[in-house]
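Residues per chain are reported as follows:
Number of protein chains: 2
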Amino acid sequence: MSGAEEVGLVTPIREVFSENLALASGQTLAGFELITETYGQLNSQRSNAVLICHALSGNHHAAGRYNHSDPKPGWWDLHVGPGKAIDTNRFFVVSLNNIGGCDGSSGPNTMNPETQQPWGPNFPQVSVNDWVTTQALLADRLGIDSWAVVVGGSLGGMQAIHWAVHYPERVRNCVALAAAPKLTAQNIAFNEIARQAILSDPDWLAGYYQQETVTPTRGLSLARMVGHLTYMSADGMSDRFGRDTREMPSDAINAGEMVFQVESYLRYQGKQFSTRFDANTYLLMTRALDRFDIAADFDDSLSDAMAATTCRMLITAFSSDWRFSPARSRELVDALLASGRPVSYAEIETDAGHDAFLLDEPRYTGLFTAWMQQVVI
Amino acid sequence: MSGAEEVGLVTPIREVFSENLALASGQTLAGFELITETYGQLNSQRSNAVLICHALSGNHHAAGRYNHSDPKPGWWDLHVGPGKAIDTNRFFVVSLNNIGGCDGSSGPNTMNPETQQPWGPNFPQVSVNDWVTTQALLADRLGIDSWAVVVGGSLGGMQAIHWAVHYPERVRNCVALAAAPKLTAQNIAFNEIARQAILSDPDWLAGYYQQETVTPTRGLSLARMVGHLTYMSADGMSDRFGRDTREMPSDAINAGEMVFQVESYLRYQGKQFSTRFDANTYLLMTRALDRFDIAADFDDSLSDAMAATTCRMLITAFSSDWRFSPARSRELVDALLASGRPVSYAEIETDAGHDAFLLDEPRYTGLFTAWMQQVVI
Chain P
239 MSGAEEVGLV TPIREVFSEN LALASGQTLA GFELITETYG QLNSQRSNAV
289 LICHALSGNH HAAGRYNHSD PKPGWWDLHV GPGKAIDTNR FFVVSLNNIG
339 GCDGSSGPNT MNPETQQPWG PNFPQVSVND WVTTQALLAD RLGIDSWAVV
389 VGGSLGGMQA IHWAVHYPER VRNCVALAAA PKLTAQNIAF NEIARQAILS
439 DPDWLAGYYQ QETVTPTRGL SLARMVGHLT YMSADGMSDR FGRDTREMPS
489 DAINAGEMVF QVESYLRYQG KQFSTRFDAN TYLLMTRALD RFDIAADFDD
539 SLSDAMAATT CRMLITAFSS DWRFSPARSR ELVDALLASG RPVSYAEIET
589 DAGHDAFLLD EPRYTGLFTA WMQQVVI
Chain G
239 MSGAEEVGLV TPIREVFSEN LALASGQTLA GFELITETYG QLNSQRSNAV
289 LICHALSGNH HAAGRYNHSD PKPGWWDLHV GPGKAIDTNR FFVVSLNNIG
339 GCDGSSGPNT MNPETQQPWG PNFPQVSVND WVTTQALLAD RLGIDSWAVV
389 VGGSLGGMQA IHWAVHYPER VRNCVALAAA PKLTAQNIAF NEIARQAILS
439 DPDWLAGYYQ QETVTPTRGL SLARMVGHLT YMSADGMSDR FGRDTREMPS
489 DAINAGEMVF QVESYLRYQG KQFSTRFDAN TYLLMTRALD RFDIAADFDD
539 SLSDAMAATT CRMLITAFSS DWRFSPARSR ELVDALLASG RPVSYAEIET
589 DAGHDAFLLD EPRYTGLFTA WMQQVVI
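In the order they appear, the protein sequences are chains P and G.
So in the working numbering, the last one in the first sequence is 615, and the numbering has no gaps at all.
So in the working numbering, the last one in the second sequence is 615, and the numbering has no gaps at all.
Since the hints were made in silico from the structure, they are not lab data.
Be aware that one or more of the hints could be misleading.
Identical copies look the same in the list; a pair holds intra-copy or inter-copy alike.
What the hints assert, rightly or not - Here are the simulated DMTMM-like cross-link-like pairs (lysine to aspartate or glutamate), alpha carbons at most 20 Å apart as the crow flies:
no., residue 1, residue 2
1, Lys-310, Asp-378
2, Lys-420, Asp-482
3, Lys-420, Asp-477
4, Lys-310, Asp-572
5, Lys-310, Glu-407
6, Lys-420, Asp-473
7, Lys-420, Glu-257
8, Lys-509, Asp-538
9, Lys-310, Glu-585
10, Lys-310, Asp-589
11, Lys-310, Glu-253
12, Lys-420, Asp-598
13, Lys-509, Asp-531
14, Lys-420, Asp-489
15, Lys-310, Asp-535
It should be emphasised that the depicted structure is a prediction, and the values quoted were computed from it without experimental measurement.
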């Protein structure tokens, strides 16, 4: 990573689409908007474009800062920038907030043009399929016939895989990090508990909280605590928190009480998240995650699904990720191999759990960077 | 298990203790009551007594039925009865509801004699230490100088270990199933999420819900969903639920909606639990679980703690139990061996997760039964 820099100041772009969007659910959106960011320069052959697909709580702001006093760069700044794995000296990088999200693209907290009210709980259920459809429309608009790379982690990796399977002519390389061909029952169960936490909050108001200017922050905070905990590994948590205790600060409900560090950490994470994320979006995103099943359109044959791909593929899993375990990534790899497709597979030894794909783990960073350098543009 | 029968009809017994009980927290209970059950006959030498210690949500009703139309026997009926592992033809079995519980023993939903109001949130925080103290007073009353066996699973196993370490002269055999010397950060974090679910329920009312004749059922239900999910294994859930879906019944909020089986199962489990358990008790029990650390009184040396034991010991873990993993049981075994203590260790291959200790897994049942048959009375 020596010599790697940030992409600098970036500005979100609003892309307005007036066409009707037929969703996988059977519903139709009469037009939609996407908030995007781009980093680097599109070359004259339009052959160096990389699409970043975000995960459950991500958005379009993957790299760079909005102003010089911005305290934090985008969520994947460690891997997007000059000299980084997704090298903005070589690539033109496109990042977007998916529809149903809560960071500017059409979703529960934007206006329903028909009612001039926030969509709230009436925003239609979206799916990985729908997101890829809108990303393809965005590619059309940008004049990108085929992506040099489609890349994503977790739910983002599922979008990358969907691209590779359903738009093989438009994806030359695909990177799926900490992903899975579909969720397990346990994984669905964690999402369901997060959803029930939101639905149990009296400020949920059947999803119409925006009209009442309240937000179900307790439920959303609890939902995030469940998620955050499952994205860490047991060993990682032991190393970081052990059984250390701390006194709750004077502004806490239980001021002065001794609690374990891990408790106070999780409460803080939950609270922070609940101030920036939208509860209706959380329900939509987890439902989309639960329902994703790449083999479903291929008579439940994962090999047949993978046989539809034509791109170079990198699958990466993290040893301590128990929410999207290496075993699930290996199912993808086995299916690709069974179909005679080219695939590189890396299982990174780490205590960082599911969130490792967001971090700068040396072996992961090195491998990801080297693989991306081999992408032909 | 051939020839094994049930213990038949049983009746709870109320034991009233008028002495002051000094708790580990520094607080004092001015008298307390224990609800108990016994199965089998105490022999004339009073040498065949077995103490069952219950886990987080357990109680005194370990075996038998209350009447002939009782639909379910006690919670450990599979392993307590004539010819079973805890053989009531040989042993006199004592089971109790711990203080702080919600099934009749002194706890948040019993009366505070000083105020003539339910204790509610003012019932003092209790600990494994306190439970064992009250169990020892119960043994005194029953004329039991030493237990043939002290046995428990999970939090019950922690009590059994505490007995063996702190009352070596009163325990001749000790069985700790799916237990641990202390909780990990991850384990504490799951308990904290369960607690926050209760504390976030508007019907929690700072614990004074009994006076208002409401109960924080949503929070308690959510707490149980978290717990229940973590007591199952990922593979076990995949086998049982997979990605099967079902339509929600007509009396559900989301009637007609298709949901995954595992979602509807967890919601049902949560709802059932919330009608039988007390939220203040749930907080007390999880706090006691978090704070248990058998090595704490021995300068954090687990070997020194185990060196204080003199009994024959059986430690059993279950391969797919990730909440109290085999690695944690092996810490106990290693410490016992390092101290030259006799110990049998069994790691049972099963998909049943933490709850396996409650079930009739053939290898577990066989081994547990054989080990118990070797207990000298």
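Comparing the hints with the structure gives:
no.	hint	result
1	Lys-310 <-> Asp-378	neither (32 Å within a copy, 64 Å between copies)
2	Lys-420 <-> Asp-482	between (37 Å within a copy, 13 Å between copies)
3	Lys-420 <-> Asp-477	between (31 Å within a copy, 15 Å between copies)
4	Lys-310 <-> Asp-572	neither (39 Å within a copy, 46 Å between copies)
5	Lys-310 <-> Glu-407	neither (37 Å within a copy, 61 Å between copies)
6	Lys-420 <-> Asp-473	between (26 Å within a copy, 15 Å between copies)
7	Lys-420 <-> Glu-257	neither (30 Å within a copy, 59 Å between copies)
8	Lys-509 <-> Asp-538	neither (40 Å within a copy, 34 Å between copies)
9	Lys-310 <-> Glu-585	neither (29 Å within a copy, 47 Å between copies)
10	Lys-310 <-> Asp-589	neither (24 Å within a copy, 44 Å between copies)
11	Lys-310 <-> Glu-253	neither (25 Å within a copy, 62 Å between copies)
12	Lys-420 <-> Asp-598	neither (26 Å within a copy, 32 Å between copies)
13	Lys-509 <-> Asp-531	neither (32 Å within a copy, 30 Å between copies)
14	Lys-420 <-> Asp-489	neither (43 Å within a copy, 30 Å between copies)
15	Lys-310 <-> Asp-535	neither (41 Å within a copy, 45 Å between copies)
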